[in-house]
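Protein sequence lines correspond, in order, to chains Z and V.
Numbering-wise (the numbering used here), the first sequence opens with residue 361 and increments by one.
Numbering-wise (the numbering used here), the second sequence opens with residue 361 and increments by one.
Please keep in mind that the hints were generated in silico from the structure rather than gathered at the bench.
Keep in mind it's a predicted model, so treat the numbers as computed, not measured.
Virtual Cβ for every residue (Gly too), placed ideally from N, Cα, C.
Treat the hints with care, as some may be off.
Stretch-level coverage of chain V by chain Z, calculated; a stretch enters the list once three of its residues show a Cβ under 8 Å from a Cβ in chain Z [what the hints assert, rightly or not]:
(1) 823–831
(2) 953–961
(3) 1019–1029
Pair ranges (Cβ atoms, derived) [claimed, not checked]:
(4) 656(V) / 632(Z): 44 to 54 Å
(5) 712(Z) / 991(V): 21 to 31 Å
(6) 712(Z) / 425(V): 24 to 34 Å
(7) 656(V) / 667(Z): 21 to 31 Å
(8) 714(Z) / 991(V): 29 to 39 Å
(9) 425(V) / 983(Z): 47 to 57 Å
(10) 668(Z) / 845(V): 56 to 66 Å
Protein chains: 2
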Amino acid sequence: MKTVALVILMILTTLAMSLYAEEGMFPLSEIHRLDLRARGIEIAAQELYNPSGVSLVDGIINLGGCTASFVSADGLILTNYHCAFGAIQSLTSTENDYLRDGFYAAALGAELPARRYSAWLIESYRDVSRDVLAAVRPGMGHAARSKAIEEKIKSMEVAVEKASPGRRAEVAEMFRGKTYVLFVYTNIKDVRLVYAPPRAIGEFGGETDNWAWPRHTGDFALMRAYVAPDGKPADYSADNVPFRPRKHFQLSAAGVGEGDRVFALGYPGSTHRHKSSHYLAYEEEVALPHQIELGRWIIDLKERLSREGRDTAIKLSASLQGLWNGVKRSEGQLKGLHDLKLASRRRGQEQEIQKFIQADPLRRRKYGTLFARLDAAYAEARRRARRDLALASLVSGRISTLLGNAFRVCEASYERPKPDIRREEAYMDRNFERSERQMTMALRDYHEPAERAVIREMLRRAAALPAGESISAVQALAAGNDPDRALDDFLDKALAGTRMKDPAVVSAWLKTPQAELKSRGFADDPFLRLAFALYPDYREMKEAEKRQKGVLDPLLAQLVDVKKEFQGTDFVPDANGTLRLTYGRVRGYSPADAVEMTPFTTLKGIVEKGAANPGNEDFVVPRRLAELAAAGEHGTYAHPALNDVPVAMLYDMDTTGGNSGSPVFNARGELVGLNFDRVYEATINDFAWDASYSRSIGVDARFILWSLDKFSGARRLLDEMGIKN
Amino acid sequence: MKTVALVILMILTTLAMSLYAEEGMFPLSEIHRLDLRARGIEIAAQELYNPSGVSLVDGIINLGGCTASFVSADGLILTNYHCAFGAIQSLTSTENDYLRDGFYAAALGAELPARRYSAWLIESYRDVSRDVLAAVRPGMGHAARSKAIEEKIKSMEVAVEKASPGRRAEVAEMFRGKTYVLFVYTNIKDVRLVYAPPRAIGEFGGETDNWAWPRHTGDFALMRAYVAPDGKPADYSADNVPFRPRKHFQLSAAGVGEGDRVFALGYPGSTHRHKSSHYLAYEEEVALPHQIELGRWIIDLKERLSREGRDTAIKLSASLQGLWNGVKRSEGQLKGLHDLKLASRRRGQEQEIQKFIQADPLRRRKYGTLFARLDAAYAEARRRARRDLALASLVSGRISTLLGNAFRVCEASYERPKPDIRREEAYMDRNFERSERQMTMALRDYHEPAERAVIREMLRRAAALPAGESISAVQALAAGNDPDRALDDFLDKALAGTRMKDPAVVSAWLKTPQAELKSRGFADDPFLRLAFALYPDYREMKEAEKRQKGVLDPLLAQLVDVKKEFQGTDFVPDANGTLRLTYGRVRGYSPADAVEMTPFTTLKGIVEKGAANPGNEDFVVPRRLAELAAAGEHGTYAHPALNDVPVAMLYDMDTTGGNSGSPVFNARGELVGLNFDRVYEATINDFAWDASYSRSIGVDARFILWSLDKFSGARRLLDEMGIKN
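Pulled out of the complex, with its shape left as it was, chain Z reads as follows:
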């Protein structure tokens, strides 16, 4: 919204902003080059990251799509409520409704295993670009190039993990097709839930407020890392003991004020700022509209079903949470792309670069066909898009559990016989157990009416593809005069006959060789039969993807090179799920003419939103919170100027998904907040950052402490965190 205003603001405020806010998710390798003092960070680069000593980085956790951090010497982990949601939801039943009531383990022994969670701690990193790119031989085709790099990376990862048991190795592509860094992590596999507020706090505002400011969400939870008694990472066991991290952070009850410097460390997922205009146009015209339409369709379905009962609502809640989050982000991005005209502006910039290329014979030789080849590559992607998107929806475990699992079983039967590093990632030995766990855990939320409706719709959509793009396996199912009827018949029989609702069957079949699947008749299971029928089309799509990556990687590497020459500056690589530093200030923003957002919300604001939205379940205020607020029970956690406990805060740091749960530090490295979201205008961050609209949102540390202290009386945890009262 109001994005034209923002563009104008951009121009007006660029100068002012550049003094203290800056685009940048700086990788570890860049930290020592930054003038941290000039950015108001009072601690030295060595304290931030020190490969040969203890530094802040040692307290940071990669929590699989989220960030977290240690907040006690006994491995207490602070992360977002929404990051711990999967654990809270899977531990919740109608008897123990931790979603409704919250959860507090009054003693260590009462902490509950959060299956599927693991905590990665960074141990080391090194640049391996030369080694990786050495795998490429002259004259290789595009797909071969892509596969050669992939296999090289896998072999390096496997080698490290073999040499250091209990470690996890990941080679990250920093600049596409250009630079690669090997990260080594300690992988703690026993993570437990320690504390969660009621969902009415942890998700207060719900989807209504998601991606929005003003925000009043107490989006935090506490977990704990456990290891074997010998201190080594181990699977869950009652004998395990709390992990003792090298570094943990002190929560600050003093907090920060408007204008204060802050910085954060975390694992931002992915940004696309170095991609070409073709990518932006593809997202705007093809990918995002598809995601939004499909997402909204599934949301409508699951929300309708959720109204039928608490049991269904609990089962579908995690999926709905993820769907809503994604759809709303995609909508914000689509709106930003459109309103800011990002694709055409980037195309304009590329035209300038093209002129720059043309102006010099050497550049012409190196980059002369760059943009023409990008045009061709994306034309191919667009040509394939409709069919590929339909096929991808059919085999995605995130859309249908049964069909997704069946597809994994089928694919495994092709992949597992290959040498480990030749396999698709999910089927490599190092990932196989996790893949299996994901598949069986997904069945815990199995809900047949939702499942049936989703599969039916994905099949109907695939069946409706035009003649030249049809998928033969789907055509076969939806044959005859009444394709809808044929699909219903298939689903009636398939859902009645399948054995794949049973996690044990799924586990077993996943490890069963193809010959045996067939000889023992398992492959006749209706969903598995469909998966095998889809496989050839899917395989063709995967090959095309690798070919496309083989085409694009060197082009995007060239694009970064020529942009550097053109602009005479260096860049920071796009976010890619690796550890990054970002910094900025606590700061409001103006979303529209005559409207100013100030950077702190308050307890009072929670009560107000409750009163302003009667009957809206996103804004139910827990009675105890309302009473404490009315009584002015702020403890030692009030912001002096607000005369209230700050709940959420805004700052102009550069974050994206994956930064959820990132600790936010004040200039002295004390933990003052917990990052959890961006404002709606900043969803476009992923494509283009700007100081005028890029604001991220954190839970204020004072609210976390107030909740533990006043709302929950969680004295045990406050003592452990060194909070005196």
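Dock chain V against chain Z, hints included.
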């Protein structure tokens, strides 16, 4: 919205606010008692109002429901676009689409008569409470009391107007049943349209933004007062000449800034701050829900019809504008009453007063039964409400023109034979011409499908009243097995057979005695026949109203008396359409936690809203405005800190409907803005004022000048207003 927040804010900020903002629409009689200097007003009370000399009050115009002011020595009038809308709309045709294109009379001779408009200038006022109340004799019944006062007032008005031809006299009830003031006005009857911006400026934001901030509406227009060549007020004539007012105001191109002192003079319509909790509860539970439901029904109908063509859209536009404005205000008021719990809070205050009454024998004797009698009076009002509301909707000329006019003709035939001061107001000689004009002008916007649907619905609703409350005339129409069919048959015949679509017929019949109406068969016109059939029920309702007023007036007078004793303070009377002063500061507000509204919007903001609302006709930005904004063509009208032309501004003065078009002055009495609206939260103003949420909205004088200069090139008018460039 966020009203609980506001209540809390109220408490927190009362001290700070009381330093410069204050509840109060001060009548002329209060001005000399105010310490204007302490309120930051740099001009003396004498300059503001001086009955024996020239003062600001002499430049203020009562424009019939709106306020206006003189802005040149030649009678140029500045008021709101929405106040001039009736004139613009009635002058507009598909050939001369002044709504779409705006209107600028490039020469004096091109100024167009704005029929139905007249400008009243205050000449004098005096307290006549003693005379009025002297009409009440001991032992009079309630209805008789009410009628006696009414007649006394009418006779005083008539006497003044007889003694001073061309004057208009109005006795205003200041405190109900307690104080009365006689105002004498000069009544200028030839008012012409001089300038109107395109509706896209004058109504920019449309209903979406009505009662809202941030606001970007250029809600201004220019008219001119004309008089006979001898300087006396006269009906429109081509020979008339511009009126030369005693006082006119200079528009300031320098404008005001945040925090600056401002004041305004105007004719606020009505507030209800001195009424009892019973009134508030009745509004919340009965009156407002009825108005909202009925208003929305008619809006839906007329919007649907408006989509059929430009011609219909123009015809229905004035009615729709009024309906929307009323419905949205009622919704804001209902929300405010509910969220602030005003009725129960006022009831709590009344319980305190009751204790205060009980504590003293004298007070007990004077006021002991006050609240019990209020209870009884409102119980009676509630008992009657459903039927009275249905009956009132049937006879209202604002709902159906045909039925309303028929009812006026019928009522006139009963009223006109009475002595003048015994007649209902509309039929007194002094008002009769205006009544006739209203009736005939209403037919200019006659649109049969709208008319038919509205009458049908009002009849259906009346027919659906329960047995004990039924209206016999309606029962007779909707008789039989299929009442809907019966109504349709009636309407088919009535609309085909009526002569009342002809203004000449309406004019003639209005003046025809009842006997003649009947003997000549005019009373057999289907709508007139229905009106005569409804009349007995209507008359009973009017009598009950007078009885109710006779009951309530002395009670409300007592309530004011005992409240004064209880609080030990004096009050300012509720707004009642008489001239008032209000003052305050240019100031933003906080509608919600972490949201601040700043007090100026800009040209840039207009362009942004246009871009943010593509395809929404409320936000179509005139191309020329967008070009001027893009080119930074601010002339000498920019606000230095904003570096843009301010469009609208916020201030914390106490205003209500009728203050539309009030000039807003800076501390030195220069015209810096033109009041036109309140923020949504401030619609509740009419029941309870508070410094934290009561904000009114004006067009900035700089935008008015910029529009005339840069947008329209209206040099003639700028020269006349003394604006040099």
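Consistency of the hints with the structure:
1. 823–831: Violated - the region 823–831 of chain V has 0 residues with a Cβ nearer than 8 Å to chain Z, which falls short of three.
2. 953–961: Answer holds; 9 residues pass the 8 Å Cβ test.
3. 1019–1029: n = 0 at 8 Å, threshold three: violated.
4. 656(V) / 632(Z): 44 to 54 Å: holds (46 Å)
5. 712(Z) / 991(V): 21 to 31 Å: Given a distance of about 25 Å, which is inside 21 to 31 Å, the answer is holds.
6. 712(Z) / 425(V): 24 to 34 Å: Given range 24 to 34 Å: violated, Cβ gap about 59 Å.
7. 656(V) / 667(Z): 21 to 31 Å: holds (28 Å)
8. 714(Z) / 991(V): 29 to 39 Å: holds (30 Å)
9. 425(V) / 983(Z): 47 to 57 Å: Since the Cβ atoms of residue 425(V) and residue 983(Z) sit about 48 Å apart, the hinted range of 47 to 57 Å holds.
10. 668(Z) / 845(V): 56 to 66 Å: violated (43 Å)
When each numbered hint is compared with the structure, violations occur for hints 1, 3, 6, 10.
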